[in-house]
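Trainee: Residue numbers (the numbering used here), protein chains in the order written: chain A, 1 to 150; chain B, 1 to 540.
I should point out that these hints are in silico values taken from the structure, not numbers from a laboratory. What you are looking at is a predicted structure, and each value in this text was computed from that prediction instead of being measured. Be careful, since some hints might not be right.
Computed list of lysine to aspartate or glutamate pairs in EDC-like fashion (alpha-carbon distance at most 16 Å, straight line) [unchecked claim]:
| hint | chain 1 | residue 1 | chain 2 | residue 2 |
| --- | --- | --- | --- | --- |
| 1 | A | K11 | B | E276 |
| 2 | B | K421 | B | E348 |
| 3 | B | K279 | A | E21 |
| 4 | A | K129 | B | E243 |
| 5 | B | K279 | A | D13 |
| 6 | B | K526 | B | E437 |
| 7 | B | K42 | B | E31 |
Chain residues, written in single-letter form:
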Amino acid sequence: MKEILEKYERKSDNLLAILHELQDSKDEHYLSREDLKAVSKYLNLPLSMVHGVATFYSMYAFKPRGKYIIRVCQSPPCHLMGATTISKELMKILGIKFGETTKDKLFTLEMSSCLGVCGVAPAIMINNKVYGNLTPEKLKSIIEEKRREK
Amino acid sequence: MSLQRMHILIPIDEESIQNGALEVKRRLNKELFKHRVEEEVKVLETGPIGISGKGVVLIIYPDKVYYYNVKPKDVKYIVEEHILKGKVCTKIENSKEIEKKKNVVDYENIGLTRKQPRVVLDKCCIVNTFDLEEVIARGGYAALEKILEENISPEAVIEEIKKSGLRGRGGAGFPTGLKWEFTRKASGDEKFVICNADEGEPGTYKDRLILEGDPHKLIEAMIIAGYAVGAEKGYIYVRGEYELSIKRLNKAIKDAKDVGLLGDNILETGLNFDIEVKKGAGAYVCGEETALIESLEGKRGQPRIKPPYPVTHGLWQKPTVVNNVETLANVPAIILRGADWYRSLGTEKSPGTKVFTVLGDVEYPGLIEVEMGTPLREIINAYGGGVRNGKKFKAALVGGAAGVFLSEKLLDVKMDFENLKEHTAVLGSGAILVMNEDASIVEMLFSILKFFAHESCGQCSPCRIGTRHLLELIYKIKTGEGELEDLDKMLHIAETMRNLSLCPLGQSVIMPVASAINNFKEDFIKKINNKNNMKEVSYA
Ligand SMILES: Cc1cc2nc3c(=O)[nH]c(=O)nc-3n(C[C@H](O)[C@H](O)[C@H](O)COP(=O)(O)O)c2cc1C
Ligand code: SF4
Ligand code: FES
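The following block holds chain B by itself, in its conformation from the complex:
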């Protein structure tokens, strides 16, 4: 084995492939070979790193320098200057479209690569997660081994998860340990574990990063969940658009099976657990756990009436645990390092970390993992790099389409389940959409209501009719035809939907509607008073 003096990490994901990452990688290898340094400098393909909109990124260790917007033609220069001569390339030749000063940064002090307490994303971008040996060398499957080697009972596993205070990251924040316990105690000979990877909440792609960047962690967590609740079969329901995630999951599953970490008689302990990947077909509501189960069974993805809950009557009416990707990704670390350690992160009632997507008018849009309870202002400024182009902050839509518009006044709110609830806001999926002074809240609400009208499954009339009606009203306001009383009508409809809809999709439309109208009334009034005759053309 050779000793490497330098590593070049290249994140390969949907976005970077589109920007030519594969060609950059090919040229890197070619250049290294040409200069005969291919033995001492290794190119490592990693999963996504959490930085968006910066093209192909290269990270050079041990120098901890990263380059972004790297084009294939820059490779020669980087290799000759940085790799061979050790000089950081402050300008990348011939790339005119990039901001010269900014395409090399000190990896650890800025924006999204600023130090983060990474529990869920610890291996993303650091480990070649497609190489099972390397994953294992970096602690993959260590939690599973610990359970099996130390003979930790299923009950003790559940107890540890309960003690850790881990709560569901899919939106509702239900205590994971309790959910597992209910499923374990439910009667039935056959039980299931389902990983909810349907991720459809606008502004959210955290689960995709975990799926693409560390699929083995999810597999390990599902085996542990299966062991804890007494299930031998797991499903990962992935939204249809996530082709790369599906491909990588299937490869990881195959690799794990090949070495006996998954399937029958895991590590020769008599434990059986198998995982199947199922592909969704484009319906946001299928992210709701009972709709997801219907869809898995090959039916229309319409929510069931609860109770009964999936923990007793889930897939094929059998006891079933449904957990979000990020929730599960917390499990191995908790088992390995203990509930007390986990509780040292985050807040009393919301322990641990949370992955957020910071989007919109910020300098560095992307994905970060921070402790629960980190103030919104810090997330936007320190990690997102603040509002882009020196503009003023206007609003943040927190929690996705079913989220809440927060104004400047609430920027110091701590981002965890309890604190947000106090301000009638929700953590939701962890999406943070930042809007600057130029943004129109009316436009944003229009987009949200269009989303809901499109995604309502039509099963119950308050939601089916309500979402249509709301879209008509906001369209009327947006095109300058609105009246003041339309605002009250909207609030009234959304309130009725909250009370009468069958599932949380219809029930939660009130969140964006009320927060937009109450916190940004002047935007609506301006539109209503400023009647313009220039009607916009509807395009959809």
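Here chain A stands alone, though its shape is the one from the complex:
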């Protein structure tokens, strides 16, 4: 953690970048209370402020997440092209609801606003990768592939 912090100048406008990098460095993709405290100390900002900023943005999480974070776009273009079916199918395959993580800690399911890849609607993102033109069949094979990869 120290290494990550020290890459950045002690300026408050580095807050978002530091939070991003800390979160990305964790297998469980989340920011713990300790992380926030360390950042607050490093940047000399009140903990309440760091907390307030971090919780404002949807890309940061505060409880452990799975290895694969599945973000399902539910904005109008994806909705029109079948995002509801995709959402239901995902809940069925994974056996969890939105906001939850599977017991084996492999998948976390999140809903998302437009991901900026609407040309291939309906689309999802798994970690940093986009999957588009989805059908229930395609979805199944993607999840199976991820399960095999572990």
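Starting from the known structure of chain A, arrange chain B with the ligands on it as the hints suggest.
Mentor: Structure of chain B with the ligands alone, referenced to chain A:
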């Protein structure tokens, strides 16, 4: 240097990588090498081309043929038939899932690759934009050089932009030249240029294409903006999801610095300008310029009360220009070819071109650049290929989530700031979502209101409470529990939000709500009268 008889362009972007573009490229090179033609046939990696949902695309020059849905296993066949024997492969072996007839098309006459007046996207897909030398050979940084070589003053640059009539492409359509002039004239020793690449409007990814496909154009434009307003520092605020854009921007910035086009003492003229890329963290409202500035400062991205405006009190309360990616991408061409040329495109009050995303139930979903004022019908039919599967057109949602539902009656509307305004519609980000006869406007409005409830920043109560309340009402209607008076309630809430919300997010919810209810009332009435007992399960 060798002379090439043929070029194979392969667009590499988020979508095509997912579809195996890198493997296709690797095999192409391998096959060319195997047949000893690697010297005469060159594979060029380009940015995105504007075609979506067609997998990996290959474009072969000078034949002007393009193949789409190319799979790695097709490569051998294409090389042996087309590259070696010059025969267009009308069928790609072993690829069952693709429509056989359609995977080779005459590049210039169909859909999204039909001739377009490309100003903003001129280099996308034609130039290997990761090779700075090639970018420069194709006119990159020529506008900057012109300014520096001919000693064009900052005031004259601003005058030229003013004369061109360029207006902001981020939604509001504010004259760019004026914005620059205000910033130049604002007092302060330190000023900033911010490029707004937060692109979060549902149905919009035009800025991503520019970022991925021609990052140097943006860098050049920002240097020019900095020179014009007197700023030495620029920021590009990119939404957190656009990893590839961020990577390519950073590479382009480094390449430009290495040759002295960016940084201190640019081209040894004493001009200084530096650019830093900042990554967003998932909040639509951060696209609003003052929220974006708050976020850049490391705070919660909540809009500030205007005035004062960023041109006088922006980043760190200093004079700041905030411009959209596409707006900036127009600048080099205007400087190079002049305001008069620019005005020859588009309409009197909305000159130039506009990049649109055409999505939904059309044959060729994707991205196009056309002159301002092109009729909506032409965009949908000629470029989007018309409504898919022979279905009937029902509606187009124009301008994104904060846009307007247009019915068949309005298909001939000209797509520019003034004409749309006349029909209480907006150009917004340029997203056009086409719906066919099967689409339910109630469902679409539900999705929109869910979006707003999710993205309201909660700072002011009319918007925080209003968006929640609207979502409840549309959910009630969608699940067959609605009453007629709910429609009036919705209009009333949205109207109140328009009048009392602090920022345009809350103020503009009335646009989709009113246009959906007024133009497609029968959809709502049907849902309300047709009470069904089968309640859908809420999943989010
Ligand atoms: C809720 C909201 C979201 C916005 N999102 C964006 C955006 O993603 N990109 C953008 O360029 N402008 C966005 N804008 C508009 C900006 O506030 C601002 O007008 C624009 O960046 C100015 O640049 P321009 O004059 O070049 O258009 C948004 C505005 C609002 C109210
Ligand atoms: S209108 Fe909505 S988004 Fe804008 S400041 Fe108020 S609560 Fe935030
Ligand atoms: S609407 Fe789903 S990616 Fe844009």
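Trainee: Kindly indicate which numbered hints from before are broken by the structure, ordering the numbers from low to high.
Mentor: Hints that this structure does not satisfy do not exist here, as all of them hold.
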